[in-house]
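Student: Okay, here's what each chain looks like letter by letter:
Number of protein chains: 2
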Amino acid sequence: MIKTITGNKDFIESLRGKRASFFLCMSNTKTADTPGITQAGIPGMLHLTPTLDAEFISIGEVRSLGNIAETPKGVPTPALITRAVHLLHPFQEIELLNLGLEVAPCVEYFTIHDFKIDPSHSIAQDAAIAAQEVFEKGVQFAQELSVKSDYIILGESVPAGTTTALATALALRYDAREKFSSSFKNDPSDIKHTVIEQALSRIHESDDLFETLAKVGDNMLIFNAGLLLGLQNRDIPIVLAGGTQMACVLLIVNRILQMMEGELDGSKIALCTTKWVAKDNASDIKGLLEMNDFTINAYYADFDFSLTAHPALKLYDEGEAKEGVGAGGALVYALLNGITKEQITRKVESFLQ
Amino acid sequence: MIKTITGNKDFIESLRGKRASFFLCMSNTKTADTPGITQAGIPGMLHLTPTLDAEFISIGEVRSLGNIAETPKGVPTPALITRAVHLLHPFQEIELLNLGLEVAPCVEYFTIHDFKIDPSHSIAQDAAIAAQEVFEKGVQFAQELSVKSDYIILGESVPAGTTTALATALALRYDAREKFSSSFKNDPSDIKHTVIEQALSRIHESDDLFETLAKVGDNMLIFNAGLLLGLQNRDIPIVLAGGTQMACVLLIVNRILQMMEGELDGSKIALCTTKWVAKDNASDIKGLLEMNDFTINAYYADFDFSLTAHPALKLYDEGEAKEGVGAGGALVYALLNGITKEQITRKVESFLQ
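Protein chains in written order, with our numbering: chain A, 1 to 353; chain B, 1 to 353.
Derived by calculation from the structure, the hints in this document are not laboratory data. Just so we're clear, the structure is a prediction, and the values are computed from it rather than from any experiment. Check the hints yourself; a few may be wrong.
The list cannot tell twin chains apart, which means a pair is met if one copy fits it or any two copies do.
[As the list claims (entries may be wrong)] As a list, the in silico PhoX-like pairs of lysine-lysine whose alpha-carbon atoms are at most 20 Å apart:
no. : residue 1 : residue 2
1   : K347      : K9
2   : K347      : K3
3   : K148      : K18
4   : K18       : K286
When you get a sec, could you build the whole thing from the sequences and use the hints?
Tutor: Structure, rendered in structure tokens:
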């Protein structure tokens with residue numbers, strides 16, 4: 001079942017039976033090097049997480065390391081969910097967007113768009129992103145994009161990405177402090193809080209929008225804000241596959257439009273996330289979406305791991321991991337194409353044996 | 001299993017694995033206001049049936065009323081079957097054809113073709129259809145049609161449509177009195193008979209084909225006759241998803257061709273219906289098809305509700321409902337794509353919980 005968060009069912013129902021291309025946005029921010037700030041990956045190897053996620057969803061193996069990225073307590077990456085869906089009802093294609101990686105994924109035959117963007121620095125010091133340039137690369141990509149399928153599912157893999165997203169929303173003066181999700185069950189608020197306060201202390205009253213984004217954002221957030229605006233005159237429906245980070249992309253778009261006195265046609269954009277995000281008590285995806293001047297449809301896949309006994313997967317239901325690598329959008333795609341919860345569960349289990 | 005009624009298996013086997021667009025033809029005739037003439041819908045709300053059917057197959061909810069259309073004894077609309085198939089193996093797209101509705105369906109994102117046709121009057125008085133015009137709209141639609149999928153499945157929802165179909169066949173001088181199906185188990189022959197006799201009494205020896213259709217037909221029958229002829233020079237295979245009403249469309253096409261001394265290339269047309277129609281003792285779909293000068297392939301889906309204990313669905317097996325909303329064609333599509341009787345049964349049951 002697909003459940004509605006905002007809007008109505010019509011948009012997502014109109015994508016039933018349609019073919020999707022899956023785009024993975026990958027980037028690194030040095031913010032992830034802050035000890036304890038994220039559990040998305042292997043300690044000491046966190047920067048490899050997007051690289052390994054991309055390899056795993058594309059070819060089913062991780063080349064740049066021996067094992068699938070696991071979080072400290074052993075929560076497997078949500079890339080397992082996205083890969084399971086791709087095996088059960090394949091995406092028309094998978095394309096990879098290198099938005100500033102330490103290590104590029106090692107896969108042949110798959111399109112890797114290289115935007116010549118550097119990994120960003122820690123927001124605790126200054127992310128030092130060429131924000132306007134990254135934004136314009138997103139706009140240009142959308143304008144030149146040719147898609148063979150009926151719509152795009154856009155996922156992301158950015159370790160420490162919820163930290164940069166929350167810092168960005170706060171720096172853009174949204175009252176979002178209680179609305180952001182984290183991949184930690186016991187949100188490491190002290191570490192995160194400290195980093196975010198450091199980041200915010202660097203923002204000056206006089207900073208314009210892009211100066212602010214340059215200091216506290218990440219490449220994925222800024223590029224995708226450009227991508228969404230670049231798609232406005234294209235007839236390509238897009239599913240933002242993610243939780244609070246994708247919501248932050250929309251908050252950035254909202255501020256840009258306010259600055260330009262423009263309006264968004266949200267009729268071809270939806271956000272699709274997981275039940276773990278939608279039902280998360282520590283965040284408020286609906287509240288974040290409702291902070292925008294525009295409305296878009298948002299949905300979640302009514303999927304959990306209640307059908308498995310595997311302890312590593314049970315951790316999802318216990319709130320240890322919630323979203324990432326487009327898992328929510330992939331689950332919605334599966335449900336739109338007749339794939340059952342049972343089938344997805346068994347396929348994910350098969351990767352852990 | 002897909003069983004052959006006329007022709008051979010080759011055409012339908014050639015559609016195995018192909019993608020289909022589902023088109024629903026919706027129209028109202030005031031004939032349905034005759035008390036007791038049809039059970040396709042909610043008493044007093046019969047005119048809403050095609051509207052609700054369209055909403056339910058598209059988005060899975062009925063917007064223009066609180067509940068799914070049920071017949072007086074509680075037989076649920078065959079739209080449940082079509083929706084179940086769409087969930088299990090989605091159609092490439094669903095498009096809605098407004099051929100004269102009292103109330104248009106309330107759905108966004110789905111294409112609704114509005115042909116600016118009025119609901120028709122009761123055939124007991126005079127349906128007063130601009131028959132030539134409706135026919136030409138069908139021809140034109142077929143000639144301009146662009147389809148993204150491999151073939152079309154054409155379903156219909158027209159309350160009292162079996163009455164207008166039988167009246168039309170008789171008015172066109174087919175010996176069809178015993179060959180027509182009804183959605184009633186105990187066919188309300190008295191009421192139906194009376195209405196049909198009233199309709200036929202208005203037909204004069206001097207009436208030409210379109211004058212006859214104008215008096216006793218319905219918009220769906222006439223439009224689709226045009227559509228089939230308009231498709232003749234197009235390379236678009238079409239499945240007429242229905243029983244005796246779709247057979248009547250072919251009987252009209254046959255008379256038009258006789259008038260024009262034309263021939264039909266039936267190689268890209270098939271009729272697909274349910275087992276309940278194919279095995280119905282009170283009607284004779286094969287006999288109707290064999291009245292034409294041309295031959296087309298016809299099939300039925302070997303599906304019944306023997307795997308359920310749900311009393312409302314059992315009524316189908318008891319002959320209370322037989323076909324409609326493209327159910328037969330949808331079932332054939334499901335079987336062509338590896339979906340099982342068990343899966344369809346469970347999915348239909350899930351709507352009634």
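Student: Compare the structure with each hint and give your call.
Tutor: Hints, verified against the model:
In this assembly of identical chains, the alpha carbons of K347 and K9 lie at most 20 Å apart only when taken from different copies (19 Å versus 27 Å within one copy). Taking the closest pair of Cα atoms, K347 and K3 come within 20 Å of each other only across two copies (18 Å); inside a single copy the shortest separation is 23 Å, beyond that limit. In this homomeric assembly, K148 and K18 come within 20 Å of each other (Cα to Cα) both inside a single copy, at 11 Å, and across copies, at 11 Å. For the homomeric pair K18 and K286, neither the shortest alpha-carbon distance inside one copy (26 Å) nor that between copies (36 Å) is at most 20 Å.
This entry does not satisfy hint 4, going by the numbered hints stated previously; all others are met.
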